[in-house]
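Spelled out from the first residue to the last, the chains are:
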Amino acid sequence: MNVDTDKLKSLLAVLAEENVAEFEHEEAGVRIRIVRGGVAVAAAPIASVLHTAPGAAKATEAAIADDGGTDVTSPFVGTFYRAAGPDVPPFIEVGASVKVGQTLCIVEAMKLMNEIEAEFGGVVTAIYAENGKPVEFGQKLFRIKKS
Amino acid sequence: MSAPIDAERADLRRDGAEKISNVFDGLSASIVHVATTTSTNDLAKEAARAGCVHGALFLADAQTAGRGRQGRVWSSPCGENLLLSVVYRSPLLRRFPARRPLVPLATGLAVAHTIADVLPAPARAAVKWPNDVLVFVGETRKKIAGILVEVVGDALVVGIGINVSTTDFPEEIAPVATSIAAVRGDNAIGRRQVVQALLGNLEHEIERVLAGGFPAIRARYEAAWCMHNAPVWVAAGGPSKEGSSTDAGYAATVIGLDDDGHLKVVDGAGIVHFLNAGDVHLAPR
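From first to last, the protein sequence lines stand for chains D and U.
Just so you know, we're using the working numbering here: the first sequence kicks off at 9 and counts up by one.
Just so you know, we're using the working numbering here: the second sequence kicks off at 56 and counts up by one.
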């Protein structure tokens, strides 16, 4: 487990300053749970620390898996949208062919709209993320089998 | 189209061109002003993809598909309001790409300042996180501007709609929409004056936030916002409509902003949430 101690210290400072009793956060497979002063809060919603999205609006490629498909991951933290609006069709569906530069989805961070474009052509074999839900940096969004 | 609008449009072109070349000094900004387009963001995005210069400005008298976040409609009668998009591609933007999500906040602040400068007291223009601009008059709270910032490669397209002259709003938005003319009770402020002030404020705030991060605009943002200790509804699970009682989410109270411009709220159980996306609605007054 790899914990950024500086980040953890500033987190603890904020929790103390705001008098937060309990805090839980998961990122990149690391789950942090903090209960201050031995006071547990039952069945409370879990707060999450979200990080500002870094720049380029290009989907990043993850390692190529055995089935020949390539995972497209989120280049930043934000909210994932499969369509340009609630009443229009999704940009892509499973089974669809995509071309280089084609819009796959939108990831929104503080109302900055990032259209994520395909960096390679192929066929969509899986859609991992759910419309309207938060996505983390590096989270798998799609699987595309290169053509 | 009426003669005064044509005349004003000519003025806007001429004076706007002079002003903008001052604002973007040394950057050969271009101006495109069309009568009608789908959305000025569409024009600007197409130009940005084709590699247009920093500061390229796109204005329209009317939009056939004006839109906000997640396809929400932005409607405006022809020639009455300011509808524009600017392509932003400055050296600071390239240098600090991680600060891009702060641009909508800086844009909201610039729009709020521009509007506040032409509204008489006791009307107050304020920012609602991250970038809505509302006008408060007595007990009423109405939307006067809309902002949609989109990423296109290494550029940002900053789209802004400001209600300037409309006083007769469609029935469905009349309770929640207003304009500079409606608040002032006169037509003394034209689009030309607003666009000139806006472009100066916009570049000032965006360059500051890119150079110094959110702390560089925090004091002005907090002075201009309307959310200090405000009760809010945080919508979860995707886009939702303002005031919808069926939204999934939770009630919370705003406690501040962190150094990344994220909204800090505390819910009923005392849990602090840091928000960077999604819908946060002010509780009904």
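Honestly, the hints are just simulated from the structure, not real lab data.
Predicted, not measured: the structure shown is a model, and the values here were computed from it.
All residues carry an ideal CB built from backbone N, CA and C; glycine is no exception.
Hints may contain errors.
To be verified - In silico lysine-lysine, DSSO-like type, Cα no more than 27 Å apart, as pairs:
#1 U:183 x D:141
#2 U:319 x U:197
#3 U:319 x U:183
#4 U:198 x U:183
#5 U:319 x D:141
#6 U:198 x U:319
What the hints assert, rightly or not - Quick list of simulated restraints, FRET-style, between CB atoms:
#7 D:110 x U:243: 18 to 28 Å
#8 U:311 x D:93: 25 to 35 Å
#9 U:339 x D:127: 38 to 48 Å
Said to hold, decoys possible - Covered by chain U, according to a simulated footprint, are these stretches of chain D (three or more residues, beta-carbon under 8 Å):
#10 101 to 108
#11 143 to 155
Results for each hint:
1. U:183 x D:141: 22 Å, holds
2. U:319 x U:197: 24 Å, holds
3. U:319 x U:183: 13 Å, holds
4. U:198 x U:183: 10 Å, holds
5. U:319 x D:141: It holds: about 19 Å lies between the C-alpha atoms, which stays within 27 Å.
6. U:198 x U:319: Holds, at about 23 Å.
7. D:110 x U:243: 18 to 28 Å: 48 Å, violated
8. U:311 x D:93: 25 to 35 Å: Once the Cβ atoms are compared, 32 Å apart, the range 25 to 35 Å for residue 93 of chain D and residue 311 of chain U holds.
9. U:339 x D:127: 38 to 48 Å: 45 Å, holds
10. 101 to 108: Check failed, 0 qualifying residues.
11. 143 to 155: violated (count 0)
Hint violations for this structure: numbers 7, 10, 11, all remaining hints satisfied.
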